[in-house]
Amino acid sequence: MGLTFSEKVLSRKAGRTVRAGDVITVAPDYYLSHDNSSAIIGEFKKLGLKKVVAPGKIVIVLDHIVPAADEKYAQNHKVIREFVAEQGIPNFYDIQAGVCHQVFSEASFALPGRVIMGSDSHTTTYGAFGAFSAGIGRTETASLWATDEIWLRVPETLRIELSGKPPHGVYAKDIILKIIGDLGADRANYEAVEFAGPAAADLSLASRMVLTNMAAEMGAKNGYFEPDDKTLEWLRARAKGDYEIVRSDPDATYEAILEYDVTALEPQIACPHTVDNVKPVTAVAGKTFDQALIGTCTNGRLEDLEVAARIFKGKKIHPRVRTLILPASREVYLDALKKGLIEIFLEAGCVMLNPGCGPCLGAHEGILAPGEVVVGTSNRNFKGRMGGRDSEIYLASPATVAASALEGKITDPRMYL
Amino acid sequence: MSKGKVWKYGDDVNTDVIYAGKYTYQQLQPEEMAAHALEDLDPGFAKAVKPGDVIVAGKNFGCGSSREQAAACLRAAGVQAVVAESFARIYFRNAINLGLPVLQCAEAVDQLKSGNDVEIDFAGGKILSGGRVFTFPPLPESVIGILAAGGLLEWTKKKLNIK
Numbered sequence: 304m305g306l307t308f309s310e311k312v313l314s315r316k317a318g319r320t321v322r323a324g325d326v327i328t329v330a331p332d333y334y335l336s337h338d339n340s341s342a343i344i345g346e347f348k349k350l351g352l353k354k355v356v357a358p359g360k361i362v363i364v365l366d367h368i369v370p371a372a373d374e375k376y377a378q379n380h381k382v383i384r385e386f387v388a389e390q391g392i393p394n395f396y397d398i399q400a401g402v403c404h405q406v407f408s409e410a411s412f413a414l415p416g417r418v419i420m421g422s423d424s425h426t427t428t429y430g431a432f433g434a435f436s437a438g439i440g441r442t443e444t445a446s447l448w449a450t451d452e453i454w455l456r457v458p459e460t461l462r463i464e465l466s467g468k469p470p471h472g473v474y475a476k477d478i479i480l481k482i483i484g485d486l487g488a489d490r491a492n493y494e495a496v497e498f499a500g501p502a503a504a505d506l507s508l509a510s511r512m513v514l515t516n517m518a519a520e521m522g523a524k525n526g527y528f529e530p531d532d533k534t535l536e537w538l539r540a541r542a543k544g545d546y547e548i549v550r551s552d553p554d555a556t557y558e559a560i561l562e563y564d565v566t567a568l569e570p571q572i573a574c575p576h577t578v579d580n581v582k583p584v585t586a587v588a589g590k591t592f593d594q595a596l597i598g599t600c601t602n603g604r605l606e607d608l609e610v611a612a613r614i615f616k617g618k619k620i621h622p623r624v625r626t627l628i629l630p631a632s633r634e635v636y637l638d639a640l641k642k643g644l645i646e647i648f649l650e651a652g653c654v655m656l657n658p659g660c661g662p663c664l665g666a667h668e669g670i671l672a673p674g675e676v677v678v679g680t681s682n683r684n685f686k687g688r689m690g691g692r693d694s695e696i697y698l699a700s701p702a703t704v705a706a707s708a709l710e711g712k713i714t715d716p717r718m719y720l
Numbered sequence: 116m117s118k119g120k121v122w123k124y125g126d127d128v129n130t131d132v133i134y135a136g137k138y139t140y141q142q143l144q145p146e147e148m149a150a151h152a153l154e155d156l157d158p159g160f161a162k163a164v165k166p167g168d169v170i171v172a173g174k175n176f177g178c179g180s181s182r183e184q185a186a187a188c189l190r191a192a193g194v195q196a197v198v199a200e201s202f203a204r205i206y207f208r209n210a211i212n213l214g215l216p217v218l219q220c221a222e223a224v225d226q227l228k229s230g231n232d233v234e235i236d237f238a239g240g241k242i243l244s245g246g247r248v249f250t251f252p253p254l255p256e257s258v259i260g261i262l263a264a265g266g267l268l269e270w271t272k273k274k275l276n277i278k
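These protein sequences, in sequence, are chains A and B. Oh and the first sequence: position 226 is 529 in our numbering, straight run, nothing missing. Oh and the second sequence: position 95 is 210 in our numbering, straight run, nothing missing.
Bear in mind the hints are in silico, worked out from the structure with no lab data behind them. These figures come from a predicted structure and were not determined experimentally. Hints may contain errors.
Claimed, not checked - Now the stretches of chain A that chain B is said to cover, found in silico as 3 or more residues with beta-carbon under 8 angstroms:
#	stretch
1	460-473
2	550-564
Unchecked claim - Derived DMTMM-like pairs (lysine to aspartate or glutamate); straight-line CA-CA distance at most 25 angstroms:
#	chain 1	residue 1	chain 2	residue 2
3	A	K348	B	E269
4	A	K619	A	E646
5	A	K349	B	E200
6	A	K543	A	E675
7	A	K686	B	E234
8	A	K375	B	E234
9	B	K241	B	E147
10	B	K274	A	E464
11	A	K311	B	E256
12	B	K274	A	E646
13	A	K348	A	E374
14	B	K123	A	E459
15	A	K354	B	D157
16	A	K353	B	D157
17	B	K137	A	E459
18	B	K272	B	E200
19	A	K686	A	E389
20	A	K349	B	D157
21	A	K481	A	D451
22	B	K273	A	E452
To be verified - Label pairs and their calculated CB-CB ranges:
#	chain 1	residue 1	chain 2	residue 2	range
23	A	K533	B	V248	29 to 39 angstroms
24	A	G351	B	E147	33 to 43 angstroms
25	A	A388	B	I259	50 to 60 angstroms
26	B	V248	A	D532	35 to 45 angstroms
27	B	I259	A	A317	48 to 58 angstroms
28	A	K590	B	P252	53 to 63 angstroms
29	B	I259	A	K590	47 to 57 angstroms
30	B	G239	A	R319	48 to 58 angstroms
31	B	G260	A	P358	48 to 58 angstroms
32	A	I560	B	A163	23 to 33 angstroms
33	B	A163	A	A388	26 to 36 angstroms
34	B	R247	A	D564	22 to 32 angstroms
35	B	G265	A	L640	16 to 26 angstroms
C-beta atoms are modelled at their ideal positions from N, C-alpha and C, and glycine is treated no differently.
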């Protein structure tokens with residue numbers, strides 16, 4: 304009987320054949336952390352150790368509250384910079400780089416077959432490149448710094464086979480919102496989610512990252528796309544180290560195999576206050592709102608900014624709506640600048656934010672007042688997440704958010720494309 | 116066995132409503148964290164919760180962010196355990212690592228109501244309330260060692276022979 308991707312990768316790490324349900328101890332290839340590194344440093348220091356065991360495996364990206372919004376955040380960043388220097392941690396990205404998941408991918412730590420742990424729930428993103436990557440907490444990261452070991456339960460795998468061609472105006476975000484809406488926020492709890500089929504292969508790597516990023520919102524431990532020519536092309540220019548492509552065996556055992564034909568899919572939107580409260584955009588069209596957010600680690604890549612710019616070109620944002628553009632990284636920002644997209648955004652009346660997590664987690668740069676409504680491209684709409692307890696968050700594709708920003712109300716983007 | 120009252124909530128209680136993002140990157144002390152526990156779910160909770168109280172919730176408790184203050188703030192507030200139909204994966208790990216018992220027991224979730232008196236017999240795998248007894252499955256062996264050590268940091272110290 305064959306093995307799934309996750310079983311195979313973890314078997315290699317464990318040095319023996321393991322199957323779903325087995326609990327193993329492994330040494331990951333990389334461990335990621337961000338602004339929470341200052342808390343991790345605090346936990347690490349409680350152990351009384353002088354040195355981290357594998358500095359080359361630690362990747363730190365400052366992204367959550369950058370530049371520091373107040374003195375406390377500034378102090379956190381300072382503690383991290385000092386620790387990085389003292390420990391000789393080579394892979395440190397300061398406030399100018401962007402959101403950790405984008406930066407980690409661009410810097411090509413996300414390689415096929417790698418095992419990556421990150422103290423951020425959207426660490427699932429790197430499955431887009433064929434890596435095994437899962438989120439953990441801060442104390443676990445401190446323990447990894449000390450031991451280079453972590454226990455993992457080998458996950459069962461849910462395989463989602465995508466077929467058909469998405470219609471005009473329907474994007475990766477609509478596909479994953481539809482899936483999460485149908486299956487629920489805990490359908491894939493503790494599981495790996497493998498995206499497969501011809502429509503998965505058709506997706507760009509940036510679009511695949513939307514699906515693996517949001518696999519976290521259905522409870523997944525990790526997401527996975529089988530590497531193909533597109534993956535290899537991305538890696539050719541970037542991969543720093545060796546890697547080995549790991550694929551599921553044809554006779555692997557899955558917890559379930561679900562089929563989705565995207566041919567008749569409409570633009571989707573997650574309504575307050577859960578990510579699985581998904582409706583077609585047409586069902587809530589006309590709802591007025593206060594702020595639009597285009598960007599984040601979910602939808603802040605060049606293809607996302609391009610579709611938004613196409614809709615904004617030569618037009619003005621509705622005067623009642625504040626529109627924030629948040630490129631996922633400095634690299635994306637620079638590419639968008641060279642392509643003239645930034646000029647389009649500024650002329651339309653958008654506000655450019657520096658690459659980072661921005662207002663997505665509610666700490667700074669565009670917090671909502673009580674009762675306000677945001678329509679954004681981020682990945683979570685939990686109550687109060689972006690500000691006041693009574694504020695509301697709708698989640699949709701960059702095209703839907705851009706069209707809605709022009710109209711001042713939730714709008715089906717197909718009329719603009 | 117310590118006694119307490121039940122605080123009952125629904126499905127998909129997420130980490131943002133347990134502990135808001137705006138506090139997550141400030142390094143607050145346990146008592147300050149406790150003061151913000153469940154702020155966006157039940158604003159009255161933090162003031163009224165007593166040591167030994169138990170949170171009882173539906174499925175997918177702790178979904179969302181990996182922030183472990185969502186477990187730490189409940190422990191700091193004196194919550195002796197969270198009983199749920201199921202837990203989100205990272206929350207489950209974080210709770211164990213910080214020494215907050217997380218127990219899966221659908222029957223207790225079905226029957227217990229806010230304000231019920233409750234006792235938990237961890238060794239015996241029992242939840243007791245008003246003459247009713249609910250049993251919960253033992254935790255996986257892999258995590259018992261961590262809980263027995265008093266959390267992951269203590270476990271790591273033992274492993275590395277740090278006094």
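Hints, verified against the model:
Evaluation of the coverage hint for the stretch 460-473 of chain A: breached, as 0 residues show C-beta separations to chain B shorter than 8 angstroms, against a requirement of three. For a cut-off of 8 angstroms, the count of residues in the stretch 550-564 of chain A with a CB near a CB of chain B stands at 0, and the three-residue condition is violated. Our distance criterion of 25 angstroms between C-alpha atoms is met by A:K348 and B:E269, whose separation comes to about 13 angstroms. With a CA separation close to 13 angstroms, the supplied pair A:K619 and A:E646 stays within the 25 angstroms bound.
Restraint check: the Cα-Cα separation between A:K349 and B:E200 comes to about 34 angstroms, which exceeds 25 angstroms; the hinted pair is violated. Straight-line distance between C-alpha atoms of A:K543 and A:E675 comes to about 45 angstroms, which puts the hinted pair past the 25 angstroms bound. Distance check on the hinted pair: A:K686 and B:E234 sit about 31 angstroms apart at the alpha-carbon level, beyond 25 angstroms; violated. Taken as a hint, the A:K375 and B:E234 pair is broken in the structure, with Cα atoms around 40 angstroms apart against an allowance of 25 angstroms.
Distance hint between B:K241 and B:E147 is unfulfilled; the C-alpha atoms sit about 32 angstroms from each other, more than 25 angstroms. At most 25 angstroms may separate the alpha-carbon atoms for a hinted pair to count; B:K274 and A:E464 exceed this at roughly 43 angstroms. Restraint check: the Cα-Cα separation between A:K311 and B:E256 comes to about 23 angstroms, which is no more than 25 angstroms; the hinted pair holds. At most 25 angstroms may separate the alpha-carbon atoms for a hinted pair to count; B:K274 and A:E646 exceed this at roughly 57 angstroms.
A distance of roughly 22 angstroms separates the Cα atoms of A:K348 and A:E374; the hinted pair therefore holds under the 25 angstroms criterion. Restraint check for B:K123 and A:E459: the C-alpha separation of about 31 angstroms exceeds 25 angstroms, so the hint is violated. Of the pairs offered as hints, the one joining A:K354 and B:D157 is violated, with about 42 angstroms between alpha carbons and a cut-off of 25 angstroms exceeded. Using a Cα cut-off of 25 angstroms, the hinted pair A:K353 and B:D157 is violated, with the two alpha carbons roughly 42 angstroms apart.
The straight-line distance between the Cα atoms of B:K137 and A:E459 is roughly 34 angstroms, outside the 25 angstroms bound, and the hint therefore fails. With a C-alpha separation of about 33 angstroms, the suggested pairing of B:K272 with B:E200 is violated against the 25 angstroms cut-off. At roughly 40 angstroms between alpha-carbon atoms, A:K686 and A:E389 are farther apart than 25 angstroms, so this suggested pair is violated. Of the supplied pair hints, the one linking A:K349 and B:D157 is violated, its CA atoms being roughly 33 angstroms apart against a limit of 25 angstroms.
A hinted pair counts as satisfied when its Cα atoms are at most 25 angstroms apart, and A:K481 with A:D451 does not qualify at roughly 38 angstroms. Simply put, B:K273 and A:E452 have alpha-carbon atoms about 14 angstroms apart, close enough for the 25 angstroms limit, and the pair holds. Separation of A:K533 from B:V248 is about 57 angstroms and departs from the stated range, judged on CB atoms against 29 to 39 angstroms. A beta carbon spacing of about 25 angstroms between A:G351 and B:E147 contradicts the range 33 to 43 angstroms that was offered as a hint.
The hinted range of 50 to 60 angstroms is not satisfied by A:A388 and B:I259, whose Cβ atoms lie roughly 39 angstroms apart. Between B:V248 and A:D532 the Cβ separation comes to about 60 angstroms, which falls outside the hinted range of 35 to 45 angstroms. Checked against the hint of 48 to 58 angstroms, the pair B:I259 and A:A317 fails, with Cβ atoms roughly 20 angstroms apart. Range check, A:K590 to B:P252: about 45 angstroms between beta-carbon atoms, so the 53 to 63 angstroms window is missed.
One distance hint, 47 to 57 angstroms for the beta-carbon pair B:I259 and A:K590, holds here, with the actual separation near 50 angstroms. Range check, B:G239 to A:R319: Cβ separation about 35 angstroms, and the 48 to 58 angstroms hint is violated. Under the hint 48 to 58 angstroms, the C-beta atoms of B:G260 and A:P358, about 27 angstroms apart, miss the expected range. For the hinted restraint 23 to 33 angstroms between A:I560 and B:A163, the CB-CB distance of approximately 48 angstroms leaves it violated.
For the pair B:A163 and A:A388, the beta carbons lie near 46 angstroms from each other, so the given range of 26 to 36 angstroms is not met. The given range of 22 to 32 angstroms is broken by B:R247 and A:D564, whose C-beta atoms sit roughly 48 angstroms from each other. A hinted range of 16 to 26 angstroms is violated for the C-beta pair B:G265 and A:L640, which are about 52 angstroms apart.
Hint check: violations occur at hints 1, 2, 5, 6, 7, 8, 9, 10, 12, 14, 15, 16, 17, 18, 19, 20, 21, 23, 24, 25, 26, 27, 28, 30, 31, 32, 33, 34, 35; the rest are consistent with the structure.
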